[in-house]
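Given chain A, put chain B in place with the hints provided.
In order, the protein sequence lines correspond to chains A and B.
Here the first sequence is numbered in our numbering, starting from 362 and rising by one per residue.
Here the second sequence is numbered in our numbering, starting from 1410 and rising by one per residue.
In short, the hints are calculated from the structure, not lab data.
Note that CB positions come from ideal geometry on N, CA and C, so glycine has one too.
Be a bit skeptical, because a hint or two may be false.
To be verified - Stretches of chain B that chain A covers, calculated by requiring three or more beta carbons in the stretch to come under 8 Å of a beta carbon on chain A:
no., segment
1, 1447 to 1461
2, 1518 to 1530
3, 1623 to 1631
Here is how the chains run, residue by residue.
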Amino acid sequence: MKTMRQSTLTTLGIGPVLGFFRNGGPPESTESLVDAVFGPEGDRGALVISGGNGIVGSGKAMQLGSRLLEYGVPVVTLDLPDAPDGIGGQYGGLKASFGRETANEIMANIVRLNYGGKELPPALAKFNPRFVLEAVPEILPIKRAHYELMRGAFPDAEIRSVTSGFPGSELGVGILHPSFPHPINKVWEVVEDEPSAITRLFWSLGLVPVPVADYWSFILDVLFCGVTLAALRYQRASNMPFWKVDKYVRRLVGPNPFRAHDAIGPGASFLTWSCLHHLAEQYGDLFAPENQLVRRKESGESWYSSNRPTVDWELADEDEFNAWMLGPLFQMTSLMLHEQRAHLSHMNAIGELCAQFTKGIVATARNTGADEVIRRVETYHRLHPDAKNGTWHPEEFDRMDTPEWKQLYVNAEHDGEAGAITLGRESLNWDVIHELDRAIDWLKEERIDRVVLTGDFHLTTQLVGADTSEFYPALHDREQSYKMSKAWSETARRFNDEFALSVGFINGKRCLGGMLELLMHCHYLVADQSAQLGMPEVTLPVLPGMEGCHWPLRRASREQWPRLLAILLGGRFVRAKDTAGWLTDYAGPFADAVAVVGKLLSGGDHGLRRRPLAEKSFEVPAEARELPPAESPAAEAARKAVMDCIRASCAAPLSEALVVQARHSAEFMVSQTCLRGAIGASYSKTMDV
Amino acid sequence: MKDVSPVFPGAYIPYGAWGGSWFPAWHTSALAEVDIARFAAESMPLILAKKGVEISALDYLVSGSTVPWLYKFWGAPYLSHCFSHRLPGFHLEQACATGLQLVLKASAHVQGGSHETVGVLAFDKTSNSPAGVFPNQGTYRRTEVISDIWDNFGYDPSTGQSGFSKGRGETSMIACAGRTARKHKLEMNELAEVSYTRYRQYYDAVDTGALDGILFPLTVLDVRGKKLGLVDGDYGVRRYDSLAQFKAERQLDTGVTAGGQTHASDGMFTLLVTSEAKARELSPRPEISVQLVASAEHRADPGFMPEAPAHAVKKLLARTGLTMDEMTAVYDHNPFAVNDAVFAKLLDYDWRKMNDTGCPLVYGHPQGPTLVRVIVEALERTVKKGGGYALVFGCAAGDVGIAALFRVNDSNGGNPA
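Looking at chain A on its own, in the form it has when it is part of the complex (with noise of 0.2 Å):
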């Protein structure tokens, strides 16, 4: 098997992912991997969750408590008898999630220990532990003596920690850091020498494990840690208030972090002080925690006062500021690489998935390019240069050229015969778009023209579609729009024009919006029968930019047009097993659904015809069927939108009709149905500050 970088499954022990189509899924079942973690059915062990009324081991409680009930693996949470009550603050969400009736089943496998800290309630050994989830308070002494009391009583049971600041080498166990919010989030970082069937099987369970190296503070806390000292140190040169700095932190890079800290509790602030320690007693004063957080770590204080502001402010030096933000970033960044602290597309998949960036740090950095990072670090300096006195290693940006910092998103694999194009973003931005042009080429200068384009089956557990805040520079620039639109296109035609066969592989819960339309293109599209598929552009709304109001039209036939009428204008989601013959080609169970993609990359008997893609011009009629009257004037003229839009691409031929819907996509974005919208609102709230 040859791929343009590691693929990061194989991180885990899995993969690469064209081995799923070539052998017929994954290489171990849930199944299996249950029973190598708890032990087989009649001897079945328990998770123990320690600190389960904790916030992470409540949540984490849920998590895996919903994902382990159908295999009877009974979940044990052990506190302190003066804990507040965690646990069942979480069945709120629960029901809302699964139902009243699945939520109770959930909670009814949760078994609820008490215990004084120094001694294991007896009851607990009749559970059988076999894995151990330590999530006790962030102090080392108290955690080492947890591990030593649960070793004594059982002795063959795993052990994982969630901290997040200290190595494993320090606690004596391996980690699996879990990232906020704990019921819903899938990310866990993991530090074990190999990849373990309790990190297997957490992949297995849909969760999204990432091996990470054994250091002080992983990579999400350096991130998390180190854009909050950074605003810190912004808001202490500034004296900008907490609130306003947050703002312009969440432009720049996604995140704020003082409202993400009080969202969290009183106790965030401990954390982040306690890592930030840690990382400057290693690494010396680019990490050293301010007073304003210094202060807060004992007394839990809020950082947004209880008074909403009064007075404005705006930034002063829009450069300075990017230099105090990114500077530090971009340096600890550098101790990172430097020390190859995971596969770069974890690095900076961490920080989109956990820390909520706009854009990942490592493609953050290679956008901005090497040159200039290290002119923000060096401008960083001079306005902080208490921060010289740490890591700085500019070198690490020397290769960005290498596959592993171009393919951070996407990645191609091939095995002489056919070839795996995969997505590790849930949505579609520029980096996805370039990284795909890539991808392509690569498979091309590789003489493979058989293709699947799937997700990753890991740092992917959907397709969400576009991602909405690219969109913000062509809000009020239709030229802007166009290219966009027109550019995303080509590339997504690319899967129809260049390969002899391509098949879109829809593996997650869903598939939307931009997102499908790529996957369209495709000669084939196979999905998992469960995978809910929507173009919901119109409630946005935004008009399907990439092809999407002609291409799935010219390859259906007249009858089948008001299903997809219904989606287009609608904005209606629909179950892939209801989709076969008019929007997908095959949509059924997980694994029948990889063996048919399978076939069809060998050319194998899959049974699917083709469906013709028209090229020529057609009329389609103006009244869509079957669809319930919008709900407002502004939905109404979203919906005419996209009817024109439909109407002007299929009235063309395909040779011309990318360029018509680009047109009409970019007339509707600067038009004001869609400033008014959510785009438009989103970016007043992100951009406009």
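Just chain B now, with coordinates in the frame of chain A:
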């Protein structure tokens, strides 16, 4: 410059690390709608940031105002909480003398060594001022309802209850000015000329940008965080084009006309007091040193408030051995043109040489911050003239006069370092 030992030799005011809002007349700006204390507390770090001063450099805060505000009980510690830098400190008030008292107290704290860098924050809002209900056994209803601004302006309990006057109206501030004008036989023509000159001085200062760097436009937010309004002017200052306009105005009392008296307004002002070394560090022009040299206070006879500052200045000069001719800049808080005329008469000083860049007679009167603005404008003027002594004085409720002398040294002789 004759050398006079400062009363607080270890206390310095960092030149330039100061500023404030414009003073919009009451109910002419968004300030009417917001909590003035929070506005002031949030504006202070913003203004200091424009002067390159980190708010974290402060280790104490003295604040002052005269109109009750929300959570006033919590004083300066609450105000510093509003700018997220928890400082000890206290809040004080003495009507229109508040601003100068703040500087005195801040200097005393620095001199005493209890704190190194003391922030002075003064503010007031006359718009939508609160009303209070107080027990008062001496009245039929056993309670007194006070509209904080107007009832206090209109009635001096010291004189009103002593039987000095027949009616409450005669104990008002305006009556004080009229009574003083009569006592000193001030002519309406001269008072009109004082007013006309003061307005010309102010217009010239605004037009030439003399107030830039002292007064800052500030955007006020509503509860949704949206812009409620921009405060970028002393709104409400009338435009007079001729002396005749002043002369033609109706007299509200002897020598008191609309153009010859101040108006209620809203605003804030801030400056710092610190050690000599720290002042150099915090000042954008460290070659300039500013120190409070001395102060004096005087209480005039009942109902003669406008003449009280002149007596305070006389005391100050007597104590320091200086004369008016040795003053580089003379600025006062003058709610009435009468103040300036009577000062000139008692000190034998030409009122035309005072208040070069404006005065509260013109730009308004939010009490608490008024004298801080006067001080800052006087110090800026002194620096502009190459250094020397700045004399600042003003009157305050209770027939009080307060005066202070500042010394400005410019080691570069007026050339920025």
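Cross-check of the supplied hints:
1. 1447 to 1461: n = 9 at 8 Å, threshold three: holds.
2. 1518 to 1530: The restraint on the segment 1518 to 1530 of chain B is violated, since only 0 of its residues have a Cβ under 8 Å from chain A and three are required.
3. 1623 to 1631: holds (count 4)
Hint compliance for this structure: hint 2 is the single one not met.
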